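Visitor: From first to last, the protein sequence lines stand for chains A and B.
Counting from 102, one number per residue, gives the positions in the first sequence under my numbering.
Counting from 102, one number per residue, gives the positions in the second sequence under my numbering.
Simulated from the structure, these hints should not be mistaken for lab results.
Treat the hints loosely; a few may be bogus.
Put simply, identical chains are the same to the list, so a pair is met inside one copy or across any two.
PhoX-like cross-link-like pairs, simulated, lysine-lysine; straight-line CA separation at most 25 Å [claimed, not checked]:
hint : residue 1 : residue 2
1    : Lys414    : Lys226
2    : Lys184    : Lys226
3    : Lys286    : Lys414
4    : Lys295    : Lys277
5    : Lys277    : Lys143
6    : Lys149    : Lys184
7    : Lys421    : Lys436
8    : Lys149    : Lys277
9    : Lys277    : Lys184
10   : Lys414    : Lys250
11   : Lys421    : Lys277
12   : Lys286    : Lys226
13   : Lys286    : Lys421
14   : Lys286    : Lys305
15   : Lys148    : Lys250
16   : Lys414    : Lys148
17   : Lys143    : Lys286
18   : Lys250    : Lys226
19   : Lys436    : Lys121
20   : Lys421    : Lys143
Computed from a predicted model, the values in this text were never measured in an experiment.
Protein chains: 2
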Amino acid sequence: MDDRIVEHAKILVDWSTEIKEGDKVIIRAHPSAMDLVHALYKEIGAKKATPLTLMSTNELSRTYMLEHGEDFDTPEHLLALVKESDVFISIRGDDNLSSMADVPGDIVSSHARANQPLMKLLMDKRVSLTQFPTASQAQFAGMSLEGYKDFVWNAILRDWQEVHDQQEMLRERLSKTDEVCIEGKDTELYLSVKGMNPVNSDGKHNLPSGEVYVAPIPESTEGTVYFDMPVVQSGREIHDVRLEFEGGEVVDHSASSHEDLLTTLLNTDDGSRRLGELGIGTNRDIDRFTRNMLFDEKMGDTVHLALGYAVPKSVGESLKGNESAIHVDIIKDMKDGRLLFDGEAVLENGRFFWE
Amino acid sequence: MDDRIVEHAKILVDWSTEIKEGDKVIIRAHPSAMDLVHALYKEIGAKKATPLTLMSTNELSRTYMLEHGEDFDTPEHLLALVKESDVFISIRGDDNLSSMADVPGDIVSSHARANQPLMKLLMDKRVSLTQFPTASQAQFAGMSLEGYKDFVWNAILRDWQEVHDQQEMLRERLSKTDEVCIEGKDTELYLSVKGMNPVNSDGKHNLPSGEVYVAPIPESTEGTVYFDMPVVQSGREIHDVRLEFEGGEVVDHSASSHEDLLTTLLNTDDGSRRLGELGIGTNRDIDRFTRNMLFDEKMGDTVHLALGYAVPKSVGESLKGNESAIHVDIIKDMKDGRLLFDGEAVLENGRFFWE
């Protein structure tokens, strides 16, 4: 087995989910990720914790959903399992990223709604989402499998304590900030994060990570922003997204491809025209866009904004974050831009203030 | 996909576990059996029930057990999952039947003890154990994979209602029987089943099935019995087992190979020298010994006796079945023997009384 798989498992167990004796652990994986599951069983065994693995594949979901149709039941047996567990490790690594291509959107939404209680339950658990490098994901990224393995494990096998400490400087500074400004090509955007709660994302809930994020005050966003990187939704890419905000809401938008899909996303519900997240990527081992948000949003020298839902822990106490059924991250390259906290540059020409 | 996999799934869903709308279903499978899992998801979706799949492989268990050592915790999260479920379908189909070869027996036992509560819980559920034909199991049977597929699906894809009705004649007659006698080569064995509860095993809990079984009165067995077919235990074969019973207990025993292993089994505990089961196989599509008890014990024209534990539902009300940590089935060919209920032959020279 590739040594890097063993290291990957050790980080998941020791750092990300801090598994200890007596913990009840759930792993969710596609059989393609079997080597990582195997390495995890070894580490979990050494901790004297108790694992079980849910086999999850897009093809199974697709066939089940199509045959069932709408009005899915909430999987109460799965909820009971999660309730009784301490740790949930979800491994991405499907062998076909297009498996859901022929499932109508309303069926997917109906299934997601029925599974909503699971998401709520997981908020109280030690949860980590990670990636196993598969041929399908390499293909989707336009890379060779061996090249993609290097990319994935370079991004994952890091000293996460060091990452944590560096990002802590950014998080602390952001926590004392009222107004954030993003400047760059066709971009001048202001938003308030006053009283909000910035989060240091340091390889625990996402592996890889390398990001500090915060919920903006939903009504505060003003100005215009242009995004260099595409939004990938259901296999379609929306390019050159431009948004104009007034009073926190998108009042104008455009894109050079699939603009209609962007319009549909913005019209989802009351909250889908407002921001739920400002994120700042710090992981310079993620050196390219691979059409995989778990990686893309953590790229060094990028910021991203999410339309829709605000992650509750990034919302300040006694404040309200944005609510919506969607959470769509859109990434902006900052190599030629500036990120300012209350008028002071914290990221400029590809350097953070501590660099 | 092989049409027989679709039929296999339909039997499991419609006949074996009678899945209906709203049922919460657990499948346990090795990825080698993915095609059957996929076919099951389709059938379960059509019933508007809710499946999830536990990924179970011997290699994962082996590595976990070795790393953990003894004193396993009971998997409380798995128990919570099973408690909340209605149906449990377990699919055999590992890719390596020797995976546990380097795990010491005491570790396996310790793990089995920790999982004992799971077995109890499953007694209240609609449970079915079946086989997916894999190359590893074909190899273990000494067969080609294509030949083994024919064998497995011939045994499984039957009219189980018809099997049920035929076996019901045998079950009814056995339920009115006091003394059973097995006659054959080097064999004259008597045991009492008076007041016990014979069970018609008709493709529900085991698929394939084709057997009527009952718990003997633990103290009743008298005489000698010779078994033509080997006992396979942890990859070792005990051949030519001979047992002599007095007052229900084995008082003498021999075997032509691995006699020491037989001795160890007999010395496991107080109940391991008494019988927990008499079974009568009726499935003539199982026409050979394949070193797989799920099939072997259902062979047409065989009987089997189990040392140890009696399945509770085969024990008569207000009576006690045998108790033990083991349940070791041993099979006897009856083509040249006779099976008598209260002195009347019900199976003689390869024909049942209704044939």
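Visitor: Each hint: holds or not?
Guide: Okay, the hints, checked on the actual structure:
1. Taking identical chains as interchangeable, the C-alpha atoms of Lys414 and Lys226 lie at most 25 Å apart only when both belong to the same chain, with a minimum of 14 Å there against 40 Å between chains.
2. For a Cα distance limit of 25 Å, the shortest separation of Lys184 from Lys226 qualifies both inside one copy, at 9 Å, and across copies, at 21 Å.
3. For the identical chains of this complex, Lys286 and Lys414 are neighbours neither inside a copy (31 Å) nor across copies (76 Å), given an alpha-carbon limit of 25 Å.
4. In this assembly of identical chains, Lys295 and Lys277 lie within 25 Å of each other by CA distance solely inside one copy; the values are 8 Å within and 83 Å between copies.
5. In this assembly of identical chains, Lys277 and Lys143 lie within 25 Å of each other by CA distance neither inside one copy nor across copies; the values are 43 Å within and 54 Å between.
6. For a Cα distance limit of 25 Å, the shortest separation of Lys149 from Lys184 qualifies both inside one copy, at 20 Å, and across copies, at 24 Å.
7. For the homomeric pair Lys421 and Lys436, neither the shortest alpha-carbon distance inside one copy (32 Å) nor that between copies (79 Å) is at most 25 Å.
8. When the C-alpha separation of Lys149 and Lys277 is checked against a cutoff of 25 Å, the pair qualifies neither within a copy, at 42 Å, nor between copies, at 52 Å.
9. For the homomeric pair Lys277 and Lys184, neither the shortest alpha-carbon distance inside one copy (36 Å) nor that between copies (49 Å) is at most 25 Å.
10. In this assembly of identical chains, the alpha carbons of Lys414 and Lys250 never lie at most 25 Å apart, being 32 Å within a copy and 54 Å across copies at closest.
11. Taking the shortest alpha-carbon separations for Lys421 and Lys277, only the intra-copy value of 18 Å comes in at or below 25 Å, while the best inter-copy value is 74 Å.
12. Taking the shortest alpha-carbon separations for Lys286 and Lys226, neither the intra-copy value of 41 Å nor the inter-copy value of 63 Å comes in at or below 25 Å.
13. In the homo-oligomer, the alpha carbons of Lys286 and Lys421 never lie at most 25 Å apart, since the shortest distance is 31 Å inside one protomer and 84 Å across protomers.
14. Taking CA atoms no more than 25 Å apart as the test, Lys286 paired with Lys305 passes in neither setting, with 33 Å inside one copy and 67 Å between copies.
15. Proximity of Lys148 to Lys250 under the C-alpha cut-off of 25 Å is found in neither arrangement, the shortest distances being 27 Å within a copy and 41 Å between copies.
16. Taking CA atoms no more than 25 Å apart as the test, Lys414 paired with Lys148 passes in neither setting, with 29 Å inside one copy and 39 Å between copies.
17. When the C-alpha separation of Lys143 and Lys286 is checked against a cutoff of 25 Å, the pair qualifies neither within a copy, at 49 Å, nor between copies, at 50 Å.
18. Taking the shortest alpha-carbon separations for Lys250 and Lys226, neither the intra-copy value of 29 Å nor the inter-copy value of 44 Å comes in at or below 25 Å.
19. Taking the closest pair of Cα atoms, Lys436 and Lys121 never come within 25 Å of each other, the shortest separation being 41 Å inside a single copy and 58 Å across copies.
20. Taking identical chains as interchangeable, the C-alpha atoms of Lys421 and Lys143 are never at most 25 Å apart, the minima being 43 Å within one chain and 43 Å between chains.
Checked against the numbered hints listed earlier, the structure breaks hints 3, 5, 7, 8, 9, 10, 12, 13, 14, 15, 16, 17, 18, 19 and 20; every other hint is satisfied.
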